[in-house]
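Engineer: Chain by chain, the residues run as shown.
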Amino acid sequence: MATGVRNEIAVALVGLTRTFKRPDISLPLRGLGRLWSRRPMVEAVALHPTTFQVNAGESVAFIGPNGAGKSTTIKILTGILHPTAGMATVLGHVPWLEHGRLSREIATVFGQKSQLWYHLPARDSFTLLTRIHDLDADLARRRAGALCDRFGLEGLLDRPVRTLSLGERMRCEVAASLLHSPRILFLDEPTIGLDVIARQELRSIIRELNQRDGVTVFLTSHDAGDVERVCDRAIVIHTGRVAFDGTIETLRRDFVRRKTISLDLSSPFAGELPVMPGVVPTQLTPLRLQFQVDTTVVPAETVLAGLIGRMQIADLTITDPPMEDVIAAIYGQASSASEAVP
Amino acid sequence: MSVVRFTGAYVWANLRVALAYRGAFFSAVLGMVINDAIWVVFWWLFFTRFPSVDGYGFHDIVIVWSIGATAFGLAVGVAGGAFTLASRIARGELDFYLVLPKPVILHLLVSRMDPSGWGDALFGVVVFAFLASPTPTDAVTFVGLSLVATTIIVSYAVAINSLAFWTGRAETLSDQLIFGLITFATYPEKLFTGAVKVVLYTVVPAGFVAYIPVSLLHEWDWGWASILLAGTVASVGVAVSIFTVGLRRYQSGNLTTMRA
Numbered sequence: 001m002a003t004g005v006r007n008e009i010a011v012a013l014v015g016l017t018r019t020f021k022r023p024d025i026s027l028p029l030r031g032l033g034r035l036w037s038r039r040p041m042v043e044a045v046a047l048h049p050t051t052f053q054v055n056a057g058e059s060v061a062f063i064g065p066n067g068a069g070k071s072t073t074i075k076i077l078t079g080i081l082h083p084t085a086g087m088a089t090v091l092g093h094v095p096w097l098e099h100g101r102l103s104r105e106i107a108t109v110f111g112q113k114s115q116l117w118y119h120l121p122a123r124d125s126f127t128l129l130t131r132i133h134d135l136d137a138d139l140a141r142r143r144a145g146a147l148c149d150r151f152g153l154e155g156l157l158d159r160p161v162r163t164l165s166l167g168e169r170m171r172c173e174v175a176a177s178l179l180h181s182p183r184i185l186f187l188d189e190p191t192i193g194l195d196v197i198a199r200q201e202l203r204s205i206i207r208e209l210n211q212r213d214g215v216t217v218f219l220t221s222h223d224a225g226d227v228e229r230v231c232d233r234a235i236v237i238h239t240g241r242v243a244f245d246g247t248i249e250t251l252r253r254d255f256v257r258r259k260t261i262s263l264d265l266s267s268p269f270a271g272e273l274p275v276m277p278g279v280v281p282t283q284l285t286p287l288r289l290q291f292q293v294d295t296t297v298v299p300a301e302t303v304l305a306g307l308i309g310r311m312q313i314a315d316l317t318i319t320d321p322p323m324e325d326v327i328a329a330i331y332g333q334a335s336s337a338s339e340a341v342p
Numbered sequence: 001m002s003v004v005r006f007t008g009a010y011v012w013a014n015l016r017v018a019l020a021y022r023g024a025f026f027s028a029v030l031g032m033v034i035n036d037a038i039w040v041v042f043w044w045l046f047f048t049r050f051p052s053v054d055g056y057g058f059h060d061i062v063i064v065w066s067i068g069a070t071a072f073g074l075a076v077g078v079a080g081g082a083f084t085l086a087s088r089i090a091r092g093e094l095d096f097y098l099v100l101p102k103p104v105i106l107h108l109l110v111s112r113m114d115p116s117g118w119g120d121a122l123f124g125v126v127v128f129a130f131l132a133s134p135t136p137t138d139a140v141t142f143v144g145l146s147l148v149a150t151t152i153i154v155s156y157a158v159a160i161n162s163l164a165f166w167t168g169r170a171e172t173l174s175d176q177l178i179f180g181l182i183t184f185a186t187y188p189e190k191l192f193t194g195a196v197k198v199v200l201y202t203v204v205p206a207g208f209v210a211y212i213p214v215s216l217l218h219e220w221d222w223g224w225a226s227i228l229l230a231g232t233v234a235s236v237g238v239a240v241s242i243f244t245v246g247l248r249r250y251q252s253g254n255l256t257t258m259r260a
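Quick note, the sequences are listed as chains A and B, same order. Counted from 1, the first sequence has number 196 at position 196 by our numbering; the numbering is strictly sequential. Counted from 1, the second sequence has number 39 at position 39 by our numbering; the numbering is strictly sequential.
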């Protein structure tokens with residue numbers, strides 16, 4: 001079944017906020033008073049008021065540095081945590097009030113938390129999930145068979161989970177979470193700790209679920225590859241606010257205003273390069289020149305105009321920065337912003 | 001019906017986990033049987049020397065231990081999660097159950113079991129069958145009262161473990177109170193009077209777990225049976241209320257965990 005983004009709101013947040021109380025560690029307690037005195041409590045913010053919406057069928061990366069509120073958001077949207085203020089709906093249900101109904105329509109995969117029983121074969125966890133979701137036994141068996149074929153789980157389901165590699169276990173985890181045919185899949189760091197091959201396999205599985213089955217994917221990850229290969233849209237949250245909401249291409253193009261211009265020359269260049277503010281040469285060989293251009297200082301066209309005519313160009317490419325650099329820049333901005341806060 | 005199937009599936013999964021390490025499982029069961037047997041032998045020696053303590057004899061101790069061991073064994077053997085709830089709350093391990101259908105508390109109760117509980121339950125049933133000389137009516141009453149006592153023990157464990165939602169950690173307190181409940185439940189009621197007796201029908205409900213069931217097994221009384229039933233309903237209500245209110249304070253966590 002080929003599906004795309006549908007005109008139906010899957011996830012909607014309006015001013016969703018979560019705060020918590022913690023002891024004020026700025027006030028020192030001295031002497032024996034430490035044993036019984038309590039520090040005054042201060043309010044800390046786990047999630048600043050956040051507003052966005054996701055349509056059914058979308059594949060969204062929800063990214064930001066540690067402590068930005070990503071996991072808190074997922075936990076509120078799946079009914080694990082109650083918000084302090086604001087409103088959220090997932091498939092029309094308020095997660096923390098309609099947990100029962102919502103749980104039959106969503107699934108979660110936490111890279112750091114397993115839902116499979118460690119000492120039992122994954123098939124036993126599938127059986128238990130069949131009971132938990134009140135699925136018809138025959139239907140669940142057929143569904144498990146289909147997932148087994150699709151995820152290449154043949155031979156894995158009957159081995160105790162503790163004997164599986166991390167990659168094999170994560171494939172079983174995702175398959176287990178899909179047993180009840182959820183409409184939204186929430187993934188929190190699903191590829192953490194996986195090797196390159198296992199990561200690629202898991203990404204293509206999630207991508208296929210979104211593209212072929214129309215499952216809405218809401219993913220948080222620090223891995224640029226996850227964001228780039230699984231998602232079409234990114235929502236960047238930092239310093240508690242939505243800093244960017246758009247397509248992955250736009251994110252890469254606009255968030256880091258830096259382009260790489262590469263020139264392959266047909267004859268060696270031995271002349272003088274023009275000095276331009278915002279342009280840093282990164283590779284200078286007789287037949288290949290590469291520059292990094294800060295487009296907030298100088299437009300790429302101006303740089304090209306300064307270069308063309310001075311050398312014989314065989315090939316020219318202008319590339320956006322890799323997603324890894326984009327995410328690093330986002331995190332860098334976040335940490336400098338938080339350092340700036342007194 | 002689906003709740004029964006669901007509970008059965010969890011119990012079966014827990015048993016499969018326990019039987020994955022058969023040696024450990026059977027040694028835990030046998031160890032508990034021996035432990036319980038030592039206590040009954042102790043009481044047998046005691047009552048050989050002092051046949052009656054304020055009207056309380058060896059037969060009474062046999063019934064106390066039968067119901068107590070069976071109820072506690074079923075509680076930790078089927079709903080062992082109630083006794084580890086405080087540490088799971090403190091470690092933020094409720095996330096997985098909060099995204100599943102069915103009441104969270106039910107998941108938490110039946111998702112863990114302590115194999116030694118089956119030793120307790122086995123011991124309780126065997127002692128009752130062989131030392132209490134039961135009639136068929138006694139046997140049916142024993143089963144019913146054991147299930148009621150199991151419900152109260154599990155409710156008590158849930159209530160005190162749920163304090164972890166407020167205190168952050170409640171493992172030590174809950175262990176001490178559960179241990180206190182078992183201790184008081186396995187001694188003759190007549191040893192306790194006054195304020196201690198009030199405590200044994202409230203804060204540490206040994207009266208509901210052992211004393212009332214034992215007296216009902218001796219002689220059925222609808223008045224006491226009604227009090228026991230009311231106490232059971234109240235204990236379930238209090239436990240569920242404390243857990244539900246506490247759940248709103250749940251902080252989650254980022255600990256890496258496997259289900260075992």
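Hints in this document: simulated from the structure, not taken from any laboratory. Even for Gly, the Cβ is constructed at its ideal location relative to N, Cα and C. Honestly, I wouldn't trust all of these hints.
[Stated by the list, open to error] Facing chain B, according to a computed beta carbon distance under 10 Å, are these residues of chain A, among others:
id: 1; residue: N7
id: 2; residue: I9
id: 3; residue: A107
id: 4; residue: D124
id: 5; residue: L129
id: 6; residue: R141
Engineer: If a hint holds in the structure, say so; if it doesn't, say that too.
Structural biologist: Hints, verified against the model:
1. For N7 (chain A), the suggested interface contact is broken, since its CB lies about 27 Å from the closest CB of chain B, more than 10 Å.
2. Taking 10 Å as the C-beta contact cut-off toward chain B, the hint placing I9 (chain A) at the interface is violated, the least distance being around 20 Å.
3. For the restraint placing A107 (chain A) at the interface with chain B, the shortest Cβ-Cβ distance is roughly 8 Å, inside the 10 Å limit, so the hint holds.
4. A hinted interface residue such as D124 (chain A) counts as satisfied when its beta carbon comes closer than 10 Å to some beta carbon of chain B; here the least separation is about 6 Å, so the hint holds.
5. Interface restraint check: L129 (chain A) against chain B, minimum CB-CB distance 8 Å, threshold 10 Å, status holds.
6. Interface hint status for R141 (chain A): violated, as the beta-carbon distance to the closest one in chain B is roughly 15 Å, over 10 Å.
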